[in-house]
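K.L.:
Letter by letter, the chains look like this.
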Amino acid sequence: MRKNLIILLLIVIALTLPLYTGVYILHIFSSILIFLALSLSWDMMLRTGQLSFGTAGFFGLGAYASVLIVVNMGFNPILSLLIGAIFSGFIAFILGFIVLRLREIYFAITTLALTHVFSVIIRNFSDFTGGASGKILASAIFEGDPVKIYYLVLIVAGLAIIISEVFKRSRIHYAINAIRNDETTAKSSGIDVFKYLLFVFVSTSALQGLVGAVYAHQYAFVNPESTFSLNFLLLPIAMALVGGIYSTNGPIIGALLLGLISEYLKLIMPYGHLIVYGLIIVFVVLFLPRGIYSTIHNKLLKSNIIGGDKNANTASK
Amino acid sequence: MPILQASNILRKFGGLVAVNDLSFSMEKGEILGIIGPNGAGKTTVINLMAGTLGVNKGTIEFKDKDVTKSAAHIRNRQGIARTFQIVRPLENFTAIENIMVGALFGKGDKLNEARSSAQNICNLLNIKNVNKHVDELTVLELKKVELGRALAADPEVLFLDEIMAGLTSDETWELIDIVKSLQKKDIAISVVEHIMKVVKELTDRVIVLNKGQIIAQGPYEKVSENKEVIAAYLGEEE
Chain A
1 MRKNLIILLL IVIALTLPLY TGVYILHIFS SILIFLALSL SWDMMLRTGQ LSFGTAGFFG
61 LGAYASVLIV VNMGFNPILS LLIGAIFSGF IAFILGFIVL RLREIYFAIT TLALTHVFSV
121 IIRNFSDFTG GASGKILASA IFEGDPVKIY YLVLIVAGLA IIISEVFKRS RIHYAINAIR
181 NDETTAKSSG IDVFKYLLFV FVSTSALQGL VGAVYAHQYA FVNPESTFSL NFLLLPIAMA
241 LVGGIYSTNG PIIGALLLGL ISEYLKLIMP YGHLIVYGLI IVFVVLFLPR GIYSTIHNKL
301 LKSNIIGGDK NANTASK
Chain B
1 MPILQASNIL RKFGGLVAVN DLSFSMEKGE ILGIIGPNGA GKTTVINLMA GTLGVNKGTI
61 EFKDKDVTKS AAHIRNRQGI ARTFQIVRPL ENFTAIENIM VGALFGKGDK LNEARSSAQN
121 ICNLLNIKNV NKHVDELTVL ELKKVELGRA LAADPEVLFL DEIMAGLTSD ETWELIDIVK
181 SLQKKDIAIS VVEHIMKVVK ELTDRVIVLN KGQIIAQGPY EKVSENKEVI AAYLGEEE
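Respectively, the protein sequence lines represent chains A and B. Residue 207 in my numbering sits at position 207 of the first sequence; the count goes up by one each step and never skips. Residue 163 in my numbering sits at position 163 of the second sequence; the count goes up by one each step and never skips.
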C-alpha cells in the first residue's frame with residue numbers, strides 16, 4: 001500500500017515537473033531519464049545471464065538511422081524515432097544469430113567489438129553518413145522546446161520501465177531467470193533458450209536504438225565519436241550496479257542517484273567530480289554488492305517493516 | 001507397442017565410445033532399470049534420450065515419431081522429461097517456482113495455471129516448504145523439487161538419474177513409494193540406480209550396461225545372477 005503511494009507520488013512529480021522548474025533542471029532530468037532507460041535495457045539483457053557491452057552500439061545505430069532518414073530523406077522526426085528503434089532491433093536480430101551462440105566473456109567482448117565495428121562502418125560511408133564529422137539536423141526536435149523534449153524522454157523512460165515490469169511479471173521472467181541459472185536445466189524443462197535470448201536481445205537493442213534516436217534529436221546532431229561514446233555503455237552499467245541489478249527499481253534508483261550527484265559535483269568541483277563519482281561506484285560495489293535497492297529492501301524485509309515483495313526478493317538472490 | 005524405442009545408438013566422446021550400438025524400448029506403466037558399473041554409459045543414455053546430447057548414429061522414436069534430431073526443449077514439450085544425477089535446481093527461485101518452470105514451458109501452462117499445477121505436484125510429492133528458496137532446502141526436498149520440475153511437464157516418459165543417491169533409508173522408501181505411484185499414472189519410467197535394493201524393489205525389468213553396451217537384460221532377479229554381470233561389477237575371476 002505504502003509502496004503504491006510512493007510510486008504514485010513519483011509519477012505525479014515526474015508529470016508535473018515542468019510546471020515548477022526551469023530549463024536547467026528539466027535538462028538535467030531529461031539526461032537522467034535517457035540514462036535510466038539505457039540502464040534498464042542493459043539490466044534486462046543481464047537477467048538472461050548475458051553481459052552485453054553493445055549498449056552504446058545499438059544506441060548509436062538508432063541515433064544514426066533516425067537522423068539520416070530525416071536529413072537525407074526528409075522523414076518526419078517523430079516517425080524517425082521509431083525507425084531508429086526498428087533499425088537497431090533489426091540489426092540485433094540478424095547479429096543475434098551469430099553472437100547469441102557465444103557466452104560469458106566471449107559474448108561481452110564481441111558485443112563491445114560490434115560497437116566499434118558500427119562506428120567504423122559509419123565513418124567510412126561518408127557520402128551517406130557524413131563520415132567523421134557526422135550530420136547536423138536543421139533543428140532539434142520540437143524546435144528544441146525543453147518541456148516537450150522532457151515529456152518525450154519521459155515517455156521513453158516510462159516505456160523502458162513498463163517493458164522491464166512486463167519482463168518481471170510474465171513467463172519471460174521464469175524463462176530468462178532459468179536460463180541465467182542453468183541452461184541445461186532450462187532446456188530440459190522445455191525452454192527454447194535461443195528464442196528467449198534472441199527476443200530479449202532484439203527488444204533491448206530496439207529500446208537502446210529508440211533512446212539513441214531521441215538523444216540525437218534532442219541535440220540535433222550525430223557523429224561517430226560522441227554518438228558511439230562508451231559513456232552510453234559505462235554510465236548505464238554503473239547506475240544498474242549502484243542501484244541493484246536484476247530489478248526495475250535498482251537501475252531507476254541508480255540513475256537518479258548518480259545523475260543528481262554527478263550534476264551537483266560538477267557545480268562544486270568542476271574538474272574533480274569524476275573522481276568522486278568513481279569513488280561512489282567503487283564504494284557501492286565493494287560494500288553493497290547487491291546494490292542499494294536490494295540491500296535496503298532486504299534489510300527492511302528482515303525487520304518486517306514492509307510486506308514481502310516476492311519478485312524483488314527473488315531478484316536479489 | 002513401446003512408447004519409446006531407441007535403435008542402434010552410437011555416441012562417442014573423442015576417441016571414447018560411450019554408448020555402442022544400443023537398442024532398448026520402454027513401455028507405458030513400466031519401470032525400467034538401467035544399471036551397470038561406473039562409466040558404463042548410464043547417464044549418457046539419459047542425456048541422449050532427453051536430447052541433452054546428440055547421437056552420432058541410430059534413431060530414437062517416441063510415440064512412433066522420430067525425435068532423433070529434436071532439441072532437448074522440444075522433446076521435453078512432447079513428453080520426455082528427466083532429472084539430473086547431481087540436482088540442478090534453479091537457484092534464484094523458490095521450490096514451487098522451480099516446479100512452475102516445468103509447468104510453464106514443458107506443459108505450456110499459463111502463469112496462473114502453472115502455480116496451481118505446481119502446487120498439486122508439491123502435494124503429490126509431499127513438499128511442504130513450497131516458498132523456501134532452494135538454498136534452504138534439504139537434500140530430500142531438493143530431489144523432490146528436481147522430480148517435481150520434471151513431472152510438471154506432464155511427461156509420458158520419465159528418466160530418473162540416481163534420484164535416491166545420498167538419501168537415508170526412510171527417505172529412500174518415501175521416494176520409492178512416490179515413483180510407484182507415478183507408475184500407476186501410466187508413465188513409462190526409467191531409473192538409473194546404484195542402490196540394488198531400490199532396483200529390486202522398483203523395477204519390472206532391467207538392462208545392464210557395460211562399456212556402453214547391453215550385456216544382460218530381464219527381470220532383476222535373473223540378471224543379478226548372470227555371470228557376465230557379476231564379472232562387470234566385481235571383475236573377472238582369475
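To be clear, the hints were calculated from the coordinates, so they are not data collected in a lab. Check each hint, because a few of them may be wrong.
Chain A stretches covered by chain B per the calculated footprint, using a threshold of three residues with CB under 8 Å from any CB of chain B [to be verified]:
#	stretch
1	163-175
2	187-200
When the alpha-carbon atoms are kept at most 30 Å apart in a straight line, the in silico DSS-like pairs for lysine-lysine are as follows [what the hints assert, rightly or not]:
#	chain 1	residue 1	chain 2	residue 2
3	B	Lys28	B	Lys180
4	B	Lys110	A	Lys168
5	B	Lys128	A	Lys168
6	A	Lys195	B	Lys107
7	B	Lys57	B	Lys28
8	A	Lys135	A	Lys302
9	B	Lys57	A	Lys195
10	B	Lys65	B	Lys184
11	A	Lys3	A	Lys195
12	B	Lys110	A	Lys3
13	B	Lys132	A	Lys299
14	B	Lys28	B	Lys107
15	B	Lys128	B	Lys65
16	A	Lys299	A	Lys3
17	B	Lys222	A	Lys168
18	B	Lys227	B	Lys211
19	B	Lys197	A	Lys195
20	A	Lys195	B	Lys128
21	B	Lys227	A	Lys3
Even for Gly, the Cβ is constructed at its ideal location relative to N, Cα and C.
K.L.:
Taking the hints in turn, state whether each one holds.
P.N.:
Hints, one by one, checked against the model:
1. Taking a C-beta to C-beta cut-off of 8 Å, the stretch 163-175 of chain A contributes 4 residues in contact with chain B, enough for the three needed, and the coverage statement holds.
2. Counting residues of the stretch 187-200 of chain A whose CB lies closer than 8 Å to any CB of chain B gives 7, so the stated coverage by that chain holds, three being the minimum.
3. At most 30 Å may separate the alpha-carbon atoms for a hinted pair to count; lysine 28 (chain B) and lysine 180 (chain B) meet this at roughly 13 Å.
4. For the given pair, lysine 110 (chain B) sits about 15 Å from lysine 168 (chain A) by alpha-carbon distance, which is consistent with the 30 Å threshold.
5. For the hint linking lysine 128 (chain B) to lysine 168 (chain A), the alpha-carbon distance of about 26 Å falls within 30 Å, and the restraint holds.
6. Straight-line distance between C-alpha atoms of lysine 195 (chain A) and lysine 107 (chain B) comes to about 17 Å, which keeps the hinted pair within the 30 Å bound.
7. Taking the CA atoms of lysine 57 (chain B) and lysine 28 (chain B), the gap is about 26 Å. The hint holds against a cut of 30 Å.
8. Only pairs whose Cα atoms come within 30 Å are accepted, and lysine 135 (chain A) paired with lysine 302 (chain A) is rejected, the gap being roughly 54 Å.
9. Using a Cα cut-off of 30 Å, the hinted pair lysine 57 (chain B) and lysine 195 (chain A) holds, with the two alpha carbons roughly 27 Å apart.
10. The suggested pairing of lysine 65 (chain B) with lysine 184 (chain B) holds, with an alpha-carbon distance near 24 Å, which does not exceed 30 Å.
11. Taking the CA atoms of lysine 3 (chain A) and lysine 195 (chain A), the gap is near 34 Å; set against the 30 Å cutoff, the hint is violated.
12. For the suggested pair lysine 110 (chain B) and lysine 3 (chain A), the alpha carbons sit about 27 Å apart, so the restraint of at most 30 Å is met.
13. The hinted pair formed by lysine 132 (chain B) and lysine 299 (chain A) meets the criterion: a straight-line CA distance of about 18 Å does not exceed 30 Å.
14. Distance restraint check for lysine 28 (chain B) and lysine 107 (chain B): the Cα-Cα separation of roughly 19 Å lies within the 30 Å cut-off, and the hinted pair is therefore satisfied.
15. In summary, the hint linking lysine 128 (chain B) to lysine 65 (chain B) is not supported, as the alpha carbons are separated by about 39 Å, beyond the 30 Å threshold.
16. The straight-line distance between the Cα atoms of lysine 299 (chain A) and lysine 3 (chain A) is roughly 16 Å, inside the 30 Å bound, and the hint therefore holds.
17. With a C-alpha separation of about 54 Å, the suggested pair lysine 222 (chain B) and lysine 168 (chain A) falls outside the 30 Å cut-off, and the hint is violated.
18. Restraint check for lysine 227 (chain B) and lysine 211 (chain B): satisfied, since their Cα atoms lie roughly 16 Å apart, inside the 30 Å limit.
19. For the hint linking lysine 197 (chain B) to lysine 195 (chain A), the alpha-carbon distance of about 43 Å lies beyond 30 Å, and the restraint is violated.
20. A distance of roughly 34 Å separates the Cα atoms of lysine 195 (chain A) and lysine 128 (chain B); the hinted pair therefore is violated under the 30 Å criterion.
21. Our distance criterion of 30 Å between C-alpha atoms is broken by lysine 227 (chain B) and lysine 3 (chain A), whose separation comes to about 71 Å.
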